[in-house]
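A.B. asks: Now for the letters of each chain:
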Amino acid sequence: MAILDKKKSKVSDKVPSSSMADIAFLLLIFFLVTTTFPKDKGLAIVLPEQGGEVQVSQRNILHIIVQPNGLVEIKRGESPQVQTVAASGVEPIWRQAVTENENLIAAVKTHPEAPYRFMVDVLDALHTAGAERISLQLFEG
Amino acid sequence: MAIKGGFSRKSQASSDVPDSSMADIAFLLLVFFMVTTVFQKDRDRPIVWPEAEATMKIDEKLKNILNIWVQRDGNIFINDRPYAMGDVAAAVAPLYAASERALVISIRADREVTYNTIDLIQKQLVAAGVVRVVFATTLEQRMTRERR
Numbered sequence: 001m002a003i004l005d006k007k008k009s010k011v012s013d014k015v016p017s018s019s020m021a022d023i024a025f026l027l028l029i030f031f032l033v034t035t036t037f038p039k040d041k042g043l044a045i046v047l048p049e050q051g052g053e054v055q056v057s058q059r060n061i062l063h064i065i066v067q068p069n070g071l072v073e074i075k076r077g078e079s080p081q082v083q084t085v086a087a088s089g090v091e092p093i094w095r096q097a098v099t100e101n102e103n104l105i106a107a108v109k110t111h112p113e114a115p116y117r118f119m120v121d122v123l124d125a126l127h128t129a130g131a132e133r134i135s136l137q138l139f140e141g
Numbered sequence: 001m002a003i004k005g006g007f008s009r010k011s012q013a014s015s016d017v018p019d020s021s022m023a024d025i026a027f028l029l030l031v032f033f034m035v036t037t038v039f040q041k042d043r044d045r046p047i048v049w050p051e052a053e054a055t056m057k058i059d060e061k062l063k064n065i066l067n068i069w070v071q072r073d074g075n076i077f078i079n080d081r082p083y084a085m086g087d088v089a090a091a092v093a094p095l096y097a098a099s100e101r102a103l104v105i106s107i108r109a110d111r112e113v114t115y116n117t118i119d120l121i122q123k124q125l126v127a128a129g130v131v132r133v134v135f136a137t138t139l140e141q142r143m144t145r146e147r148r
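Sequence lines, in order, name chains A and B. Take the first sequence: its position 62, counting from 1, is numbered 62 in this note's numbering, and each next residue is one higher. Take the second sequence: its position 125, counting from 1, is numbered 125 in this note's numbering, and each next residue is one higher.
Heads up, some of the hints might be wrong.
Unchecked claim - Pairs of lysine-lysine, DSSO-like flavour, derived with a Cα cap of 30 Å: (1) Lys57/B x Lys41/A; (2) Lys123/B x Lys39/A; (3) Lys61/B x Lys123/B; (4) Lys123/B x Lys75/A; (5) Lys63/B x Lys123/B.
In case anyone wonders, no lab produced these hints; they're calculated from the structure. As the structure is a computational prediction, the values presented were derived from the model and not from experiment.
Same shape as in the complex, but just chain A (with noise of 0.2 Å):
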């Protein structure tokens, strides 16, 4: 018993340097795999270049006019008929009217009073619905 005992207290009177490395590379790893960037989100658009003004045929125009109290009016190229629609109801009618024309632009007209989320309710809508081509104006008269 005594010699078994001074034999064991020889072995353990080095500190263990071996499991020093697995210690790091745990941390290591654990550090790699929980930093999370935060990734940018949201809705992307592109602008037109400066002064690059597209005439475009009233025919494939979608009017989709936002008011201040987040109401969205729908008006189809020049005809003098208006749809009062809530902000998702922009989806369907999107879906619908792009299968009649392909090349339909949707002009997303904002009053100035209104505020910026009732805009990227209606830019949400069209996006869900695949819309591609959009361009946003500021609502005159």
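Assemble chain B onto chain A, guided by the hints.
C.D. replies: Using the frame of chain A, we list chain B on its own:
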């Protein structure tokens, strides 16, 4: 060389892999990654995000994204500094040129800001020659939309 015993002792010492420096290497890597990790440059402003269901992640490097903050009171901040509306184009243009036209502008505006402000910012960005713009939003769940 002459003593045979001494020679064999030397080869015995080098027979195991030196694992004490392994920890140093690992810690070096750890410190390297911690130092090279770059976080957002500017501090967050107190805004209420607009929500959108079609919110997408922007596939662009963090250093190529410039945030333009618009608070509810209409104040504009770029890189923690306030700017007047008329100075936005002048502030953005050099940064856009420095990034070799790869810069994406993230408009981080409060949801209650009037659209007039947003339109003026867009006009400033067009004047600065910027093409790619993102309206920063948070993801809206369909549940909350249906409740509305």
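A.B. asks: Could you tell me which of the hints above the structure violates, numbers in ascending order?
C.D. replies: Result: no hint breaks.
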